[in-house]
Structures are given as C-alpha cells and as structure tokens.
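Line order of the protein sequences matches chains U and G. Residues in the first sequence are numbered consecutively from 1, following my numbering. Residues in the second sequence are numbered consecutively from 1, following my numbering.
Since the hints were derived computationally from the structure, they do not count as laboratory data. Possibly wrong hints are sitting among the right ones.
Some residues of chain U that are not near chain G, with every Cβ distance over 12 Å (derived) [to be verified]:
(1) Q10
(2) G96
(3) S164
Per the computed footprint, the stretches of chain G lying under chain U, defined by three or more beta-carbons under 8 Å from a beta-carbon of chain U, are [what the hints assert, rightly or not]:
(4) 55-67
(5) 97-108
(6) 111-117
(7) 126-139
Think of the CB as a built atom: it goes at the ideal place given N, C-alpha and C, for glycine as much as any other residue.
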Amino acid sequence: MAGTRRSLRQTIDRLPSPQVFWAGFAIMAAVVALVLVGLVWMPYKPTAMSADRLQGISAAHWLGTDKMGRDILSRVMYGSRVTLMVALGTMAIGAGTGVLVGAVTGFYGGLLDEVVMRVMDGLFAFPNVLLALVFVSLFGSSTMHVMWALGIAFIPSFTRVVRSEYVRIKHLDYVKNARLQGASDARVIFVHMLPNVRGVLLSNVMIGFNNAVLAEAGLSFLGIGSQPPYASLGQMISEAQEIFFRVPTAVLGPGIVIVAMVLGFSLMGEGIRPATQSLD
Amino acid sequence: MEHRENPTQAGEVILEVRDLHLEFHDHDRPEVAVEDFDLELHRGEIVGIVGESGSGKSMTALAIAGLLSRHALERRGQILFDGQDLLRCPRSTLRHYQGDEISIVFQEPMTSLDPLQRIGRQVEEPLRIHRKELSAQQRRELALRTMDAVGLPEPEKVYRMYPHELSGGMRQRVMIAAATISRPQILIADEPTTALDVTIQAQIIALLRKINEDDGTAIIFISHDLSLVRQLCHRVVVMRKGLIVETGPAEEVFGNPQADYTKMLVDAIPKVVL
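Working from the sequences, and respecting the hints, build out all of it.
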C-alpha cells in the first residue's frame with residue numbers, strides 16, 4: 001500500500017491487536033459519556049440531601065443513596081467529572097511543561113541542561129502525595145490546587161524521558177540534515193524531532209494519566225482536594241466505608257468508574273503502541 | 001575515459017577558504033583536524049577532496065556547510081561566501097545560506113531521512129524554510145520536477161511514500177533532490193556513494209555531473225574513492241593528516257602525481273577500472 005493516505009480508523013484496524021484498542025475506547029467512551037451527560041442532566045443535585053437515607057437500588061435512585069440521602073448516581077457523575085478534569089489538567093501541566101523543558105534541555109545540553117536537570121532531580125525526590133500536601137497546606141484545599149500540585153509533580157518524569165530521547169536523536173543524520181537545510185532551532189526541535197519522540201511520550205502519557213487518576217482519588221480519599229459536600233470519586237469511597245455492607249453501590253459506583261478510567265486508557269494506549277514504534 | 005575541460009577555470013570565485021585551521025579541544029591535548037587549508041571554488045566547478053579516513057576532508061566539508069559544533073573546537077582562518085565569513089557570522093546568517101545557497105548530501109541515505117515524514121514533504125523542506133512565499137501547489141510542482149530530474153521513477157507516487165519504502169539508491173536520489181530543489185550555488189557531497197553498490201554509484205555520479213552541467217552548481221565532492229573522483233572532478237585536493245598534500249587539475253594530479261602520497265594512492269587504483 002505504497003504511500004496511500006489512510007484514515008485513522010484504517011490505521012487502527014491495521015494494528016496487531018485493534019480489539020484491544022477498541023475495547024479500551026469503548027470503556028473510555030462510557031466514562032466520558034457519563035461525564036458529558038452529567039454536564040447537562042443529573043437525576044438529582046449531587047449535594048441535595050433527602051430523608052431517603054441509605055437506600056438500595058431503586059427506580060428513584062438507580063445506585064441508591066448515601067447516609068445523608070444524597071443520590072449516589074448523581075454524585076458519581078459529578079465526581080467522575082472532577083476526577084477526569086484533574087487527571088487531564090494534571091497531564092496537560094505535567095506533559096506540556098515536561099515536553100517543553102525536556103526538548104529544550106536535551107537539544108541544547110550544556111550548563112542549562114545540568115542546572116535544569118538537577119532542579120528536576122530535586123523535584124523528583126518529593127513523593128507526589130507529599131508535594132500535594134505541601135501545596136494544599138500553602139494555598140488551601142481545592143480541586144484546582146490538587147491539579148497544580150500533581151501537574152508539577154509530574155513534570156520531572158516527562159522532562160527526563162523527553163530529554164533523553166532528544167539527546168539520543170539529535171545526533172541522528174536526519175536531524176543534522178534538517179539543521180543543514182537552514183531550519184531554525186525551534187523548527188528542528190518541534191517540527192522535526194518532536195514527532196519522533198511520540199512513542200516514548202505516548203507510553204508515558206498512558207502511565208501518567210493512570211497515575212493522575214489514582215493520585216487524585218487517593219488524595220481525595222485522604223481528604224485533600226475536593227471538599228464536602230462536593231463529590232470526588234476518592235472522597236466518596238472514603239465516606240462510604242462505614243456503609244459498605246448496607247449500600248455496596250456507594251463504594252462500588254465510584255470504584256468501578258476509577259477502574260474503568262484506568263483500564264480504558266491503558267487498553268487504548270496498549271493497543272496503539274505498536275503503531276508508534278519506528279518504521280525503520 | 002574522456003578528457004573534460006574545466007568549463008569555469010576563468011569563472012568567478014564563489015567560495016574561498018583561507019588558512020582554515022580546526023583544532024579539537026575536548027581532550028587533554030589539542031588535536032589538529034585541519035591545518036592550513038586553502039581552497040578557491042569557482043562557479044560551476046567540481047572539486048574533489050580525497051584522502052584516507054581521518055585526513056580531515058569531512059571536517060573541512062562540515063566547516064563549509066556550517067555544522068561544526070561551536071564549542072570544544074578552535075577555528076582559525078576564513079571561509080568566505082557572499083562576502084561573509086561562514087566561520088564567524090551569526091547563526092542566523094548561516095541558516096540563511098544553508099539549504100538555500102549551500103546544500104549538503106551525506107554518506108548515509110538510510111538514516112538521513114526522517115522516518116516519519118513523507119518523501120514529498122522532505123524534498124520540499126528547504127522551500128518551506130527559505131521560500132515562504134511559495135504556495136503549497138507551487139512547492140509540490142517544484143518538488144515533483146526536481147524528483148523527476150534526479151531520476152526518481154513515478155515522482156507522483158514516490159512523493160507520497162515513506163523512506164522505509166525506498167531502496168538506498170532511491171533514498172540518495174531523494175536526498176539529492178532535497179539538496180538541489182532550491183538550486184544552490186554550492187553542493188557539498190560528503191561520500192555520497194560510499195553506502196551504495198557499484199552500479200548505483202555510477203548512476204549517482206552521472207546525476208551529480210548532470211546537475212553540475214544543467215544548473216551550473218559548483219560541487220565539492222568528498223571521497224576516498226579515487227576512480228570516482230577522477231571520473232567526476234575538474235580539480236582535486238589530496239589531503240592527509242589534516243594537511244593538503246597536493247592540489248591541481250584532476251588530469252594532472254592523477255596523470256602525473258608529484259607527492260609521494262598521491263603516487264601511492266594513484267598506484268592503488270585498480271587498473272581494470274581505469
């Protein structure tokens with residue numbers, strides 16, 4: 001099939017295991033659908049309390065109600081939105097900054113590289129949760145702050161992989177060639193080199209997104225970030241611990257969404273990974 | 001083999017290298033790579049630089065092309081082009097010439113192309129950088145014409161291919177197309193045929209000669225293969241250990257070598273090929 005243009009769909013179906021990708025895609029689509037529907041319609045207000053406390057599954061409350069009589073489905077919808085936004089925001093901050101810093105330091109090397117990478121090592125030495133705690137205690141506990149804290153905590157790992165890829169490929173002939181064609185540094189870095197690091201970048205985004213989902217859930221489980229009465233998935237699980245045996249859906253609902261996010265994204269990444277390996 | 005007149009012996013000098021001296025300083029003791037190198041390149045001339053590995057011929061080429069990293073290297077002398085000293089001018093000036101007035105073709109066609117970009121885009125790249133006024137359609141037409149000129153079969157089809165779909169010889173033609181699309185004044189060919197088999201070598205040599213004759217492009221041809229240099233070049237510079245051993249018109253240097261080293265090299269050319 002020399003040089004014919006293929007649609008994204010065709011490209012995916014030519015992968016060694018397109019089913020893996022499509023399975024992940026289906027799961028992610030369901031999660032995203034849940035969030036999108038939640039934007040326009042929820043059965044109840046996620047913070048609205050009622051006298052119907054600790055109800056099981058019913059027509060009025062599909063996933064039952066928690067100990068304050070709040071509708072669990074509505075809270076799951078709202079909480080998924082929060083978790084997804086934090087995970088995406090974290091990735092945008094972490095990957096965006098990491099790619100930028102890694103590309104520039106890897107390309108230029110020298111003193112700049114040394115200094116920046118030592119700073120990154122320092123940042124890397126903090127456990128993510130600890131960094132988030134420091135951040136939140138300095139600036140106050142909110143979803144936004146958790147997102148920034150996690151995003152910043154994710155920068156070093158992206159910087160490192162992107163930098164090492166840039167160091168590896170900057171001496172390759174096609175990069176040299178681009179420079180000899182008179183391309184500016186920015187053009188070489190972003191137009192010529194960036195597409196060639198996408199393989200590593202993709203696997204890192206895969207892992208990063210999952211870590212971000214789990215980190216957000218973990219932090220809100222510990223009470224950092226999204227504050228009651230607003231919902232986030234981890235916080236819901238935390239609150240539902242004592243009612244697990246009376247209303248299992250209070251734990252299972254948010255739990256399944258967390259698992260679905262992580263699993264769906266992993267499967268998509270796993271399925272598409274072979275396509276990012278070098279053609280040569 | 002036929003005798004070639006140097007068509008441009010009287011042509012103007014477009015590139016002048018004066019007392020080029022390159023010294024590495026990244027080890028304890030400085031290492032001299034090139035010493036007292038002088039060269040005048042006339043418009044439309046093909047000059048061969050020959051020498052064994054480590055003789056400094058590629059370093060010289062890279063210095064002219066402007067790809068020497070600027071640290072860990074002491075540079076003296078001048079490389080004059082268009083009134084500028086390429087050794088000392090700002091990077092932006094250098095970039096202005098690179099790929100537009102001065103192009104280079106490397107030894108390794110297998111790795112010199114970006115594996116992720118289609119051939120057409122890579123051939124057009126110098127136009128995207130230096131001829132921003134051209135429309136996509138104009139770029140495409142120019143690319144197809146250049147690809148046809150370098151002997152790529154079915155340019156329309158190759159335009160849409162990826163490098164891994166092409167053979168080494170075809171890739172080298174792509175490299176030459178990319179290097180000549182902007183009609184440079186100077187084409188530096190750094191051992192362009194070393195990685196190719198003999199029949200393809202002959203085709204590439206013929207192609208370089210055609211480019212030289214059709215467009216008047218001056219070529220600096222770097223090689224350790226004397227028979228190729230003899231076939232192609234008007235003038236020859238023989239280098240060894242960073243120094244010029246002998247220089248002169250190709251016929252003279254090969255017909256009547258003066259330096260012992262050149263004699264040795266000439267004696268080493270298999271007689272069957274000549």
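Verification of the hints:
1. Non-interface call for Q10(U) relative to chain G: holds, since the shortest CB-CB distance, roughly 15 Å, exceeds 12 Å.
2. The non-interface label for G96(U) is consistent with chain G: the shortest C-beta to C-beta separation is roughly 21 Å, beyond 12 Å.
3. The beta carbon of S164(U) sits about 19 Å from the closest Cβ of chain G, which is more than 12 Å, so the claim that it is off the interface holds.
4. Three residues within the 8 Å Cβ limit are the bar, and the region 55-67 of chain G against chain U gives 3, so the coverage statement holds.
5. For the region 97-108 of chain G, the assignment as covered by chain U holds, since 8 residues bring a beta-carbon within under 8 Å of that chain's beta-carbons and 3 suffice.
6. Chain U is given as covering the region 111-117 of chain G, and this holds because 7 residues of the stretch bring a CB closer than 8 Å to a CB of that chain, at least three being needed.
7. Here's how the region 126-139 of chain G fares: 3 of its residues keep a CB closer than 8 Å to some CB of chain U, so the rule of at least three is met and the hint holds.
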